[in-house]
Amino acid sequence: MRKSWSNWFALAGAASLAALSMAAYATEEIKGGAAAKAGAMAPAPTNVTQDLLNKAASDGANFLQTNGNYAQTRFHPARQINTGNVRGLHTAWIFQTDILDTLETSPIVVNGVMYVTTAFDHVYALNAKTGEQIWEYKHKMGPITTYCCGPNNRGVAVYGDKVYLATLDANLVALDAKTGAMKWSKLVADPEKGYSETMAPTAVKGMILLGTNGGEYGIRGFVKAFDAETGDLKWTFDTIPEDSKGVWATKDATGRDMHRDIAAEKGAYAKNGDPYKTLGGGVWQNPAVDLANNRIYFVVGNPSPDLDGAIRPGDNLYTDSMVSLDLNTGKYVCHFQYIAHDVWDLDAVSPTVLTKAAGKDGKMTDVVLHAGKTGHIYVHDAKDCSLIRFSEAMIPQENMWTLPTKDGARMLPGANGGVEWSPIATNPSMGLAFALNLHQPMTYHVDSSPYPDGKLWLGGAFKVIPTEEQWGQFVAVDYNTGKIRWKVKTPEPMIGGALATAGGLVFAGEANGQFKAYDARDGAILWSFSAGAGVNAPPSTYMVDGKQFVVVGAGGNTQIDAKRGNSIIAFSLN
Amino acid sequence: MNHRIAIWVIFSFGLIIASARAETIEEKAAVCTACHGEKGVPVDKSIPNIFGQNEGYIYIELRDMKKGARKNDLMAPVVENLSKEDMFALAAYFSAKPWTDLQQPRAGAADVRHFESMATSAGCVGCHQAGYIGAGTQPHIASLGYDYLVKTMLDFRSGARANNSWMKDLLNTYSEDDIKQMARVLAGM
Chain V
0 MRKSWSNWFA LAGAASLAAL SMAAYATEEI KGGAAAKAGA MAPAPTNVTQ
50 DLLNKAASDG ANFLQTNGNY AQTRFHPARQ INTGNVRGLH TAWIFQTDIL
100 DTLETSPIVV NGVMYVTTAF DHVYALNAKT GEQIWEYKHK MGPITTYCCG
150 PNNRGVAVYG DKVYLATLDA NLVALDAKTG AMKWSKLVAD PEKGYSETMA
200 PTAVKGMILL GTNGGEYGIR GFVKAFDAET GDLKWTFDTI PEDSKGVWAT
250 KDATGRDMHR DIAAEKGAYA KNGDPYKTLG GGVWQNPAVD LANNRIYFVV
300 GNPSPDLDGA IRPGDNLYTD SMVSLDLNTG KYVCHFQYIA HDVWDLDAVS
350 PTVLTKAAGK DGKMTDVVLH AGKTGHIYVH DAKDCSLIRF SEAMIPQENM
400 WTLPTKDGAR MLPGANGGVE WSPIATNPSM GLAFALNLHQ PMTYHVDSSP
450 YPDGKLWLGG AFKVIPTEEQ WGQFVAVDYN TGKIRWKVKT PEPMIGGALA
500 TAGGLVFAGE ANGQFKAYDA RDGAILWSFS AGAGVNAPPS TYMVDGKQFV
550 VVGAGGNTQI DAKRGNSIIA FSLN
Chain H
0 MNHRIAIWVI FSFGLIIASA RAETIEEKAA VCTACHGEKG VPVDKSIPNI
50 FGQNEGYIYI ELRDMKKGAR KNDLMAPVVE NLSKEDMFAL AAYFSAKPWT
100 DLQQPRAGAA DVRHFESMAT SAGCVGCHQA GYIGAGTQPH IASLGYDYLV
150 KTMLDFRSGA RANNSWMKDL LNTYSEDDIK QMARVLAGM
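Chains V and H supply the protein sequences, listed in that same order.
At position 483 of the first sequence (counting the first as 1) the number is 482 in numbering that gives the first Met the number 0, and the numbers step up by one without a gap.
At position 61 of the second sequence (counting the first as 1) the number is 60 in numbering that gives the first Met the number 0, and the numbers step up by one without a gap.
Check the hints yourself; a few may be wrong.
Unchecked claim - Sample of chain H residues at the chain V side, in silico, Cβ under 7 Å:
hint, residue
1, Ala134
2, Thr136
3, Tyr173
Calculated directly from the structure, the hints in this document are not laboratory data.
All residues carry an ideal CB built from backbone N, CA and C; glycine is no exception.
Can you make the complete structure from the sequences, with help from the hints?
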């Protein structure tokens, strides 16, 4: 972190960078719309059918969804680049966006056309073979944007003849895939109340599914389904039910005591009622979709205010939970809560994965994986959401669950986790999940304050302890046993995402600009590249004209203050 | 005449003129520039420069002052009769102006080092963005006036400025010297 700060000042100087970033921000004041460039060889966009999306997991040519496919395995069948030849991987092209700022986009590739997004909600369509721009959409941002962790965007969804973007000013926007022109825009929720969008939407069965940020602002979270054609609302699931008190659980998912004062909470509940209206419960990442059973699985984030539990008595359902809904109706099916009445913001963010693993009886069964900010990977029975097992702790845990204090209580993991929003990758034949870890010792401070009407509402503070070392780690966990197979330490905390391929590889980037290919079997580093800015975005892979490419964004990250850049970099062999 | 009275006189004069025929956005804005400066340089160091400040932030502060969540004797009569549309219009008007360079000196290397450590610990850029220029409802704080920065941070800490509990909690973990050091670095950016 300190290193990146000194780079910051030394390389550009605060003033000149401020000017650059200001220019970048000002661009969204320019009228939205597309500047189509008719590249001579630019591929034409494909009509993305439901059938194409259904087959994404076995589609070796495309990268159709944010996490690869509906099961969100981030396992891609392409194997041209493999453990035997990855040493020869080199840059095929670099595309530089207009926005020099935090970059979390998951590149989507459909038949030679790539869609990427940037901070402040620009979208680019690129020729996936050459990196040439086809069109750019600059979102005309409304004046009110309320977000805690950087002006991020994690990518688009493609469906039919449209590209879907969710924006910081809490709109869902449909673009013409051919030109980038806006077809329609729908307000999802009031940004003045703390709602904002950074996730990529999910397109399925004529619907666009979307969660919301705002768990730090006293929102009432939701997942909504919109009609893909018209943008009309189809259903809403409130992540906070009107009765949010739950069962007054005293232990977390791993059986550890959370030191709740249940009597005091019950008294506050009786006196003040249910706090559901401002209880938070954002949904930061995409749901996994089970089309066979018509269900979705996603995780719900922290309660509001983050650190002060006194004014929100009860288990705060369904915060810090994995939740399953009926896809058609948005009706509740089941949930599992990891931490009831969380006062550490060690919530559930990283996207769920549907796969098969050993069940409670040892037989292979349908499971849902989630990598928690606690540092465990949780394995659930997909039928009823119940917990089958949790992995060994991937990173140091100390003093769990010490309650926050006025002067600050030290506890590990720090409030970024564990595992942050970063999607895991899996290799189903190996039974491994690959996760990006952070180790950031922090102190947790509590201070009660009333609901601030849509303002940041943490009920205290968490602070990185400046004298303690921070680091990251890339880990492979056997989800059939919960044992760690291998782990590789990195010099800085990791945020971004992983990609696994049938070539026996796993790819992940680091805050110092390194982008690496690991051997999925043992974590051996087989290849690395220095991108010059933080690689804090999930990689994708695809094939064009018989050649496999791996692509990743290198634009740094606000949350861990990794050096900013503006590059989309594609790699290939020869 | 001390500074505060002088500001009051200038401001009252502006308010009288404006309230007589406050029609256009320029006329509405004249009330503001009476104190915040016609060319973006405030008439007193305790007053922030608002030229080029982020639109959402200006709106939210006007809103909070009207609601009483942020208390300010000078601003109270200004915001009293502003509609939501007025507040958005003023926010758009001032945010479109170029940021004011107050020509403040760069902080020394020792200040910068300490600042980096504090800013990393507190995660300042998480809200204030790279370069401390903010965005949307988050304020631009790089190169704001030193005196205003110190006053604002101390007011957050004491609770005198009560419309951001997070800033209160965060700044309460720092000493007055720390805060002055932060202000020196930010002012000199």
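Consistency of the hints with the structure:
1. Interface hint status for Ala134 of chain H: upheld, as the beta-carbon distance to the closest one in chain V is roughly 6 Å, under 7 Å.
2. Residue-level restraint check for Thr136 of chain H holds (minimum Cβ-Cβ distance to chain V is 5 Å; threshold 7 Å).
3. Nearest Cβ of chain V to the Cβ of Tyr173 of chain H: about 10 Å, over the 7 Å cut. The hint is violated.
Hint 3 from the earlier list is the only one contradicted by this structure; the remaining hints agree with it.
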